[in-house]
Structure formats: C-alpha cells, structure tokens
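Please arrange chains B and D with the ligands on chain A, whose structure you already have, making use of the hints.
In case you want the letters, here they are:
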Amino acid sequence: MAKITFDGIEVEVEDGTTILQAARKIGGDVVPPAMCFYTPLKGSGGKCRVCLVKVTQGSAKDPRPMPKLVASCITQVQDGMVVENTTNEDVLNARKGIVEMLLINHPLDCPVCDQAGECDLQNLSYEHGVSATRYEEERRTFNKVDLGPYIQLHMTRCILCYRCVYTADQIADNRVHGVLGRGDAAEIGTYIENVIDNEFSGNVIDVCPVGALTDKTWRFKNRVWFTKPMDAHRDCPTCSGKVTLWTRGEEVLRVTARKDQYAEVEEFICNTCRFDKKEVKDWTIEGPRHIDRGSVISANHYELPVVNVPIVPNLPVSTKKNLPQE
Amino acid sequence: MGLKILTEHINVPGIETLEVYRKHGGYKSVEKALKTMSPDEVVEEVKTSGLRGRGGAGFPTGMKWSFLAKPEGVPRYLVCNADESEPGTFKDRWFMEKNPHALVEGMITSSYALGANTSYIYIRGELLFVLRILEKAIAEAYAAGLLGKNILGSGYDLDLHVAPGGGAYICGEETALLESLEGKRGNPRNKPPFPAVKGLFQSPTVVNNVETIASVPWIVNNTGAEYAKIGVGRSTGTKLISASGNINNPGVFEIELGVPVEEFIYSDQYCGGIWKGKQLKAVVPGGSSVPILPANLILKTAAGEDRLMSYESLSDGGFVSGSMLGSGAFIVFDEDQCIVRNTWNYARFYHHESCGQCSPCREGTGWMEKVLHRIEYGHGHQQDIDLLVSVAKQIEGNTICPLGDAAAWPVASAVRHFRDEFEWHIKHPKEATAPGAVYRGQLDAITA
Amino acid sequence: MAGDNIKMAETINEVKFSDAAMAEIQRYISHYPEGRQKSALLPILHIAQAEFGGWVSPEAMDKVAEILNIKPIEVYEVATFYTMFNLKPVGKHVLEVCRTGPCCLRGADQMIDMIKQKLNIEEGETTADGMFTLKPVECLASCGSGPMLQVRELYYENIDSEEKLDQFLEMMRNKEHETPTWAK
Ligand SMILES: Cc1cc2nc3c(=O)[nH]c(=O)nc-3n(C[C@H](O)[C@H](O)[C@H](O)COP(=O)(O)O)c2cc1C
Ligand code: SF4
Ligand code: SF4
Ligand code: FES
Ligand code: FES
Numbered sequence: 001m002a003k004i005t006f007d008g009i010e011v012e013v014e015d016g017t018t019i020l021q022a023a024r025k026i027g028g029d030v031v032p033p034a035m036c037f038y039t040p041l042k043g044s045g046g047k048c049r050v051c052l053v054k055v056t057q058g059s060a061k062d063p064r065p066m067p068k069l070v071a072s073c074i075t076q077v078q079d080g081m082v083v084e085n086t087t088n089e090d091v092l093n094a095r096k097g098i099v100e101m102l103l104i105n106h107p108l109d110c111p112v113c114d115q116a117g118e119c120d121l122q123n124l125s126y127e128h129g130v131s132a133t134r135y136e137e138e139r140r141t142f143n144k145v146d147l148g149p150y151i152q153l154h155m156t157r158c159i160l161c162y163r164c165v166y167t168a169d170q171i172a173d174n175r176v177h178g179v180l181g182r183g184d185a186a187e188i189g190t191y192i193e194n195v196i197d198n199e200f201s202g203n204v205i206d207v208c209p210v211g212a213l214t215d216k217t218w219r220f221k222n223r224v225w226f227t228k229p230m231d232a233h234r235d236c237p238t239c240s241g242k243v244t245l246w247t248r249g250e251e252v253l254r255v256t257a258r259k260d261q262y263a264e265v266e267e268f269i270c271n272t273c274r275f276d277k278k279e280v281k282d283w284t285i286e287g288p289r290h291i292d293r294g295s296v297i298s299a300n301h302y303e304l305p306v307v308n309v310p311i312v313p314n315l316p317v318s319t320k321k322n323l324p325q326e
Numbered sequence: 001m002g003l004k005i006l007t008e009h010i011n012v013p014g015i016e017t018l019e020v021y022r023k024h025g026g027y028k029s030v031e032k033a034l035k036t037m038s039p040d041e042v043v044e045e046v047k048t049s050g051l052r053g054r055g056g057a058g059f060p061t062g063m064k065w066s067f068l069a070k071p072e073g074v075p076r077y078l079v080c081n082a083d084e085s086e087p088g089t090f091k092d093r094w095f096m097e098k099n100p101h102a103l104v105e106g107m108i109t110s111s112y113a114l115g116a117n118t119s120y121i122y123i124r125g126e127l128l129f130v131l132r133i134l135e136k137a138i139a140e141a142y143a144a145g146l147l148g149k150n151i152l153g154s155g156y157d158l159d160l161h162v163a164p165g166g167g168a169y170i171c172g173e174e175t176a177l178l179e180s181l182e183g184k185r186g187n188p189r190n191k192p193p194f195p196a197v198k199g200l201f202q203s204p205t206v207v208n209n210v211e212t213i214a215s216v217p218w219i220v221n222n223t224g225a226e227y228a229k230i231g232v233g234r235s236t237g238t239k240l241i242s243a244s245g246n247i248n249n250p251g252v253f254e255i256e257l258g259v260p261v262e263e264f265i266y267s268d269q270y271c272g273g274i275w276k277g278k279q280l281k282a283v284v285p286g287g288s289s290v291p292i293l294p295a296n297l298i299l300k301t302a303a304g305e306d307r308l309m310s311y312e313s314l315s316d317g318g319f320v321s322g323s324m325l326g327s328g329a330f331i332v333f334d335e336d337q338c339i340v341r342n343t344w345n346y347a348r349f350y351h352h353e354s355c356g357q358c359s360p361c362r363e364g365t366g367w368m369e370k371v372l373h374r375i376e377y378g379h380g381h382q383q384d385i386d387l388l389v390s391v392a393k394q395i396e397g398n399t400i401c402p403l404g405d406a407a408a409w410p411v412a413s414a415v416r417h418f419r420d421e422f423e424w425h426i427k428h429p430k431e432a433t434a435p436g437a438v439y440r441g442q443l444d445a446i447t448a
Numbered sequence: 001m002a003g004d005n006i007k008m009a010e011t012i013n014e015v016k017f018s019d020a021a022m023a024e025i026q027r028y029i030s031h032y033p034e035g036r037q038k039s040a041l042l043p044i045l046h047i048a049q050a051e052f053g054g055w056v057s058p059e060a061m062d063k064v065a066e067i068l069n070i071k072p073i074e075v076y077e078v079a080t081f082y083t084m085f086n087l088k089p090v091g092k093h094v095l096e097v098c099r100t101g102p103c104c105l106r107g108a109d110q111m112i113d114m115i116k117q118k119l120n121i122e123e124g125e126t127t128a129d130g131m132f133t134l135k136p137v138e139c140l141a142s143c144g145s146g147p148m149l150q151v152r153e154l155y156y157e158n159i160d161s162e163e164k165l166d167q168f169l170e171m172m173r174n175k176e177h178e179t180p181t182w183a184k
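Protein chains in written order, with the working numbering: chain A, 1 to 326; chain B, 1 to 448; chain D, 1 to 184.
The shape of chain A in the complex, shown without the other chains:
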C-alpha cells in the first residue's frame, strides 16, 4: 500500500495505482479531469494532457519534486508522494492553456451537437472558463461521414483521444477504423469507405468524450436534457444486457451503456441492445438513472432540470422545426 497526499488530503491506495485513480478514491472537486484516459481501455491515457498535476514530493524515500507537471492518469503513486492539483496555480494555468488548445480547432457547434449536455469538453470549458478565443485562424473542418448504418463520425469535433481505436481493438474485433495522417491533420477514419460492423462496434459511441461519434439510430435526435435516463436490462445472449435507456414517455430514444460519474462505462453492451431494442417493452426497467457527475445535465446549465422534461411531441409543429435537429 502507498499513502499519498493529494491537495492536502491523505489517501491510501494499492501500489501501482495511478495518481488519477487515487484522486478518484478521494472524489469530489479535487479529481483531475480526464479526456483520453479510460479505465477499461488498456494503453489509454497520456494524450490529452488535461489531467496534469504537480508532484511536489516524489516519495518518502526520494522527496525531490518532479521537474515537470505529470499526467496523473499514467503516473503511478509512490509511498509518501505529495501531489497538488486544484491547490496549485501552475497546474490550473497549464490546464487552462491545454483546454484552450483543445478548443482552437473545435467547431463550438454545441447548439446543434447531439452530445451537448453530456460532453466532457463542454464541461471542461465551462469549468476552466476559457473565454474569447485568441485563435483567429480558420478552424479545421472535415465532412461528416457514416461509418455504416449505425454510427456517424463528425471528425471536426474529434479531440484525438484514441479511445475509439482502443475500443475497436480491445472490445470489438476486426478493427476497420483508426488514426490516419499525423499532427493536426490526423483524423479518425477508415481510409477506404468502410463499415464498422461488429457486434460490439457501437461502444465507440459511448467512449467518445465529445460528439464526434454519434448514434444514427437515436430517434428524434434530442437534447439529452429533454430525455429521462432509466436503468434497464434484458436477457441478452451476447452481452450483460445492462443498459441505460434514454426515454421520452413510452419511447426509447436511445440506448447506451451505463456510465459512472467519470463517464466510464460499467459494462460494454452489444449492438442488438443498443440499436435494435427501441421499445420499452423490450426492457425491464429498474428505475431512474442517477446522473451525478459534474455535467451540464445535472448542473442545470440550461436551466432545464432532468426531471419535468418538456415533451417535444406536444409542441406545435412550427416550434418543432426550430428545435436543434440534424
């Protein structure tokens, strides 16, 4: 076991635990954000750099501070380590700088994005208050493409976290998409027109931290805060069948895996559950899903509570048209 001090709070964790996981054990506001690391995906992390923290004391044995900020998601704790996150000005400044980098080429099309309300990048930019952009240049854009009948890719929104690539390698098999090109011209793609077709391929949608990979079967594309999440299950021969249903009245608008407060899926689900079972009668409802991560869904940034959602079909036709749709 290793004892570390994180933002002044002591916590004891198994040897080999990362700083990020130790902070998550503490929980609450001190936990560093993570845009690329994803616990179930081997090899993920280290790329987005938003989880940087300052190690002011390396370990009890070697108390020297680490010279640079380190990525908390891939750096292992040492007994006696002292780490600063929200208590360190340099960390907050660096993070602000990195969030700005993630946004310079981001389309900021939240009003028309399916992910709005549950987007990690949106949350991050709220929290780090990156204001009027200093970036005057034209933003990088790509055309939308369909990766088969179920999944749509809006590359313009991608932050190249590589999560979907690891997912396709580790959860599904016969990966057909990947990272093409390099530098800021790198993109997620299949190179030749190709269909992501595999019983577990839909999981790439759940792991995507932004709205780059979206569910084409999402009925009546809807703002998530209009919908009501419910935990449900079914007897599925392929996966655990444990899902979250996003419903509106009797309709299932979309099915996702269950995600924890860090937006990490608890169990990956199969495509049949995700794309084909769109009626409430397909499912045994367990009860409302408690969304407790610091997201705009729960934080009411849109002044629309998750409960009492307006029911879209009751609106006059003309209003319906004005709803953000794609």
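Because the hints were derived from the structure by calculation, they are not lab data.
Heads up, some of the hints might be wrong.
Every beta carbon over 10 Å from chain B, so not counted as near; a handful from chain D, in silico [said to hold, decoys possible]:
| # | residue |
| --- | --- |
| 1 | ALA23 |
| 2 | GLU77 |
| 3 | MET171 |
| 4 | ARG173 |
| 5 | LYS175 |
Selected chain D positions facing chain B (in silico; Cβ < 8 Å) [as the list claims (entries may be wrong)]:
| # | residue |
| --- | --- |
| 6 | ILE29 |
| 7 | HIS31 |
| 8 | HIS46 |
| 9 | PHE81 |
| 10 | TYR82 |
| 11 | MET84 |
| 12 | PHE85 |
| 13 | GLY101 |
| 14 | PRO102 |
| 15 | GLN150 |
| 16 | LEU154 |
This one's a predicted model, so the numbers in the text were calculated from it and none came from an experiment.
Idealized CB from N, CA, C, for every residue including glycine.
Below, chains B and D with the ligands without anything else, positioned relative to chain A:
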C-alpha cells in the same frame, strides 16, 4: 589540426570496403573486446571515457548502458539511431556513407558490452542509398565471421540488421523510433517504462546515436581514461559538427570539444568565415531545436568569457543568454537573413512533424506557425508577439515527448533576442514584405 | 513514360509483386523475431512504392496487409503517417525539394519558386506531361550542400543557380529510373 578519432581514415580511398578498413586498423576493438574483455569491462571503459550521447541530449553513455535491465531469459537489444532529421544535422549521414564499417564495428563492440544478440540500425527512409551501403558492409562483416554465430571464435553471437523509416522527424525520438521499428506509427510512448526496461518488443533496449556508437571502438582500443583526456571538463572527446548556412566551408568537422566558437567560425580549418565577406548576425549552435543566439552572445557569454564548443559553455547563461550543443548542428546566419522568416520556417517544420498525439503540441505547433506566417507576410498585430510567447509556454513542458519543447524553444528564443525585428515586421508591413528586405536596426548592437 | 505509369496504376486490378521483390520482402521479414513480422511494414511499403509506379494504392496496401497477416487499417494508419509514401499517382520524377531553414539560408526558397515557374506547377502538382511532381519536403540531412533535392534514392546537391537548375531538369527529362537494387 586537432586529434581525429572518428575521421582519421575517412578520406582513404576504398575505406568503405572491409579490406581497406581492416588495413587501417578496423575491427581491432571487436577482437580486443570479445577475446580479452568481459562485457562489464567494456561498459566500465565507456563510463570512464565520459562519452556523452551525440544524438542531442548529451546523456552519459556509460551510465545509460549500466541502467539496462537484465532479466533472465529475456533478449536485450541495441538500436542505433540513424534517423538524423534535426534541421542542420548531417554528420551521421556523411559518416555512414563514407565509413560504414566504423559504425558496424561500433555496433558489434557495443552489442557485446550490452549482451545483445540482435541489433538494429534504424535509418531514416530518405537514406535508402545509405542503407544499401550499410547492408553491403554488414554482408562483408558476416562473410568475415565478424557477425553471425560465434564471432571470431569467441562464442558470442550477433545479428545486425538495418531498418528504414518512412519520413518522419519524430522517429528520432527514441520511443517513437522503437514504435516505427515495430512497424507502427511513430507515436512516442508514455514514459515510464523507459526503453532500458521495456523497449523494442517490450524487451530492455539501449538506443544510441550513430556518432556515439562509432566512438566506442576508439575507447575500447585506447582506454576510457585516454578518451577522457581529450576535450574540456565534462565535455570529453571529439564531436562531429555539421556546419551549414552562410559560411565559406559548409560541411562536417571533427573537433576536440572546447574549441572557441570564434575560431570555429572564422578559422579556415573549419567554417572559414562568413561568406561573401558579410557580417555574422546569429547562430543556432545545436540543431533547429536549440535557442538561437545573436552574434555577440554566441562569441562571448553574458559574463564576457569566450564561448567554447562544449556542452557546458554553449549552455552557459541558461535560456536567458545561452543555448545548447544539441546534435552539433551549427547553423550560421549572415546579416542579410531575416530572423522572423527563419522562425516561421522552423515553426512550419515542427507543425509538419508533430505526431499529433498530445493536444498542446498538435494544436500549438500549428497555431505558432500561423501567427508567425502572418507576421512574416505583413498581417501581424502588436499582440501577436506576446501571443507567440504565451503559446510557446503552453506547450513547453506539458507534452508527451520533447518535440513540444523543441518547437517552443526556437520561437521563444527568437522573440527574446530579436524582439525588435518582430516589432518592425508588424509596424512596417510594407517595408518588411518588400523583396529582400531585412531589419538592420539591431545589427550594430549585436555585432559590436 | 510516367503518364503510362499513372494510367496503369489507376486501372490496376491485381497487385502482384515480382519474384525479386517478394524475395526482398521475405528477407526483411526474416530480420524480426517470430510473431513480429509487422515490423517489416515500412521496408515493404518502400518496395511496394518502387514496384507499382512510385505510389501506394489501397490495393497495394491491402496486398501488403495480406503478406504480413495484419489488418488493412494497420497499413493505412502507417502509410498515412510517413511522408515518403505517395498515396496518389505521381509523375515520373518526384522532385523532393528541401524547404527547411538551413537550405533556405542558401537559397532553397528561390529554387522552389524557380521550379514552380519553369514547370508551371504548384506544390504537390504534376506537370501535364506526367514528367515531374513537385513535393517540398523537410530537411534531408544535406544542409551543408543546399539547395538540394532528392529524386527516388538519389540526392542532387548545391543547385544554387538558375543555370544549374536548368541543367538538372534537362538531365532528368532524359533519365530513366534505375532498376531497384534488389532486382538487379
Ligand atoms: C523530436 C526528437 C528527435 C530526435 N532525433 C534524433 C535523431 O535524429 N538522431 C539521434 O541520434 N537522436 C535523436 N533524438 C534523441 C533521441 O531521443 C535519443 O536521445 C538519442 O538517440 C539517444 O542517443 P545518444 O544517447 O547516443 O545521444 C531526438 C529526440 C527528439 C525528442
Ligand atoms: S472520435 Fe471520439 S473517441 Fe475517437 S478519437 Fe475522436 S474524440 Fe476520441
Ligand atoms: S509532443 Fe508532439 S510529437 Fe511528442 S508526442 Fe506530443 S504530439 Fe507527438
Ligand atoms: S486523461 Fe491523462 S492525459 Fe488525457
Ligand atoms: S535543411 Fe535542407 S537538407 Fe537540411
């Protein structure tokens, strides 16, 4: 003329053949090491020599070798970094092309010291013609029993292969190199684990520059103690310097570390002075990644001492008034060169070469290039200079690999030392964009 | 003729390596431990590019994937990362001109402009007769002899005047590519 360790026989006709190479004392270190020394003894000699990595970082080679993990039953690898893509650097290509057996000899002796039975030379893909020269030398060495099974009857086995890259500066970074050698994209790895523990094929690996490895035979033949006598202070031995830019004799020079910079620039033995009788404006002394210094600060340190061609002297003053020896690429600017244009050119290079894995470097390198482009082409705003400094700071130290720093330093140092020139571009866009226009306001001050 | 190359490449249906190329491919694969045959991907892509008209088509990449027993996407990911692999048909001679700082101190910018003017093409374009493609590249480790450029495996250095450039272009117009070394 100083002592020549690496280049003594480089101009001997036919030195690229095994026969001629051996006539001039070639492969002696292999015989000596394999027949009379234990691997650890070779490592000790290299430690004693004080040899520092010639790839850029200057890390002590002997120490690096002693860090190599040696778990039972797991193969170890030596990989030679012949990726040489740092702008301004061309010593490794020149050396391998002329004297391939010297590298092969160094690889055998060094692999023996590290207990590696398979080693690779990773060469940048553009140098396929050099790859063929090396492969020919390797084939000759196999035929002479210097490679393969039971080398010279010593019981030591070694296979040596050359592997080409495909056009990517980042593959010079050692973990990106290993990825590339495994047939993947050249994305640097997260560290730890370091290559000494998990490198090529997840096995313990040492990565060394061509020149580092080529220095080992002399150390084995003449002892580390002798090598340590050459040079100055902790900068022991000789170094190949690639000299380019506006000088009379561009080319590769082997110097004893510690030669005064002024002598290096103006002596006919070396650069032969600034071309066309012009004045010296600035120097980038260690490859495009290191800070640029104006003439006054490259010739003398801030304290007024003569600047020497050594690790310590070139970095004297830190990043405020110093730079780095880096890979030994000495790029010279005459009075008619525009610092803004050059800084934009370097920024474009790093933008083009970023692997794109981590966000500060992927986005920041492109941003800096765009801002510099608009300043150079007469559309800059006053706040752009501070913006550049701020973006450089947002990248520096926050990335997976040092390419981020390498992209930030040239920009930060150019603004630090040539701020006037940037301001002039912004304030006088018409004059600044006229063909051949150069800012001269600062020249008197820096060449004084 | 390069024009023929392009046509041939576009209509290529079956990608078949020559015996000499296959032997070379096998030699590279043999350099790596069991189960690590993917390591030979870069050398094989170079061989494919030399074999099939100076570029790598999706069909050629699929063939490479088949030889190495890896997924096609693994080949696409790699081929698009490295700048030496041309992913579209190119002219007979691809002029890979160094555009980096040290060469520019000795006139590389001007040389690139002259090439554009003389050949009437922009960066990345191919002349109408299919003879030349202009492809500016970064530092080729020949900075002491700039301006310089590379065509296939060879370096052409110190092209520092219009006269030398003219001579160079004239020479290239009459030059046939050498057979790849492994096929000799
Ligand atoms: C972006 C980048 C590019 C590099 N390019 C090279 C290179 O071309 N050749 C080289 O020997 N080292 C290069 N290095 C340094 C290597 O990572 C490594 O430190 C070196 O090969 C170690 O060898 P040495 O100790 O013998 O110098 C580069 C480093 C970085 C970060
Ligand atoms: S598409 Fe989404 S999951 Fe995939 S790399 Fe981009 S942001 Fe990450
Ligand atoms: S710093 Fe740049 S080159 Fe290095 S890993 Fe990050 S993106 Fe890639
Ligand atoms: S979450 Fe740690 S670097 Fe992305
Ligand atoms: S800058 Fe042109 S070869 Fe190095």
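Status of each hint after checking the structure:
1. ALA23: About 14 Å separates D:ALA23 from the closest Cβ of chain B, which puts it past 10 Å; holds.
2. GLU77: Non-interface label on D:GLU77 violated, nearest chain B Cβ at 6 Å vs cutoff 10 Å.
3. MET171: Label holds. Min Cβ-Cβ 18 Å, cutoff 10 Å.
4. ARG173: For D:ARG173, whose nearest Cβ neighbour in chain B is about 22 Å away, the distance exceeds 10 Å, so it holds.
5. LYS175: holds, 16 Å
6. ILE29: violated, 10 Å
7. HIS31: holds, 4 Å
8. HIS46: Holds. Min distance 6 Å.
9. PHE81: holds, 4 Å
10. TYR82: holds, 3 Å
11. MET84: holds, 4 Å
12. PHE85: Holds: closest Cβ of chain B sits about 6 Å from D:PHE85, inside 8 Å.
13. GLY101: Holds: closest Cβ of chain B sits about 5 Å from D:GLY101, inside 8 Å.
14. PRO102: At about 4 Å, which falls below the 8 Å cut-off, the nearest Cβ of chain B leaves the hint on D:PRO102 intact, so it holds.
15. GLN150: At about 6 Å, which falls below the 8 Å cut-off, the nearest Cβ of chain B leaves the hint on D:GLN150 intact, so it holds.
16. LEU154: holds, 7 Å
Of the numbered hints given earlier, the model fails hints 2 and 6; all others are met.
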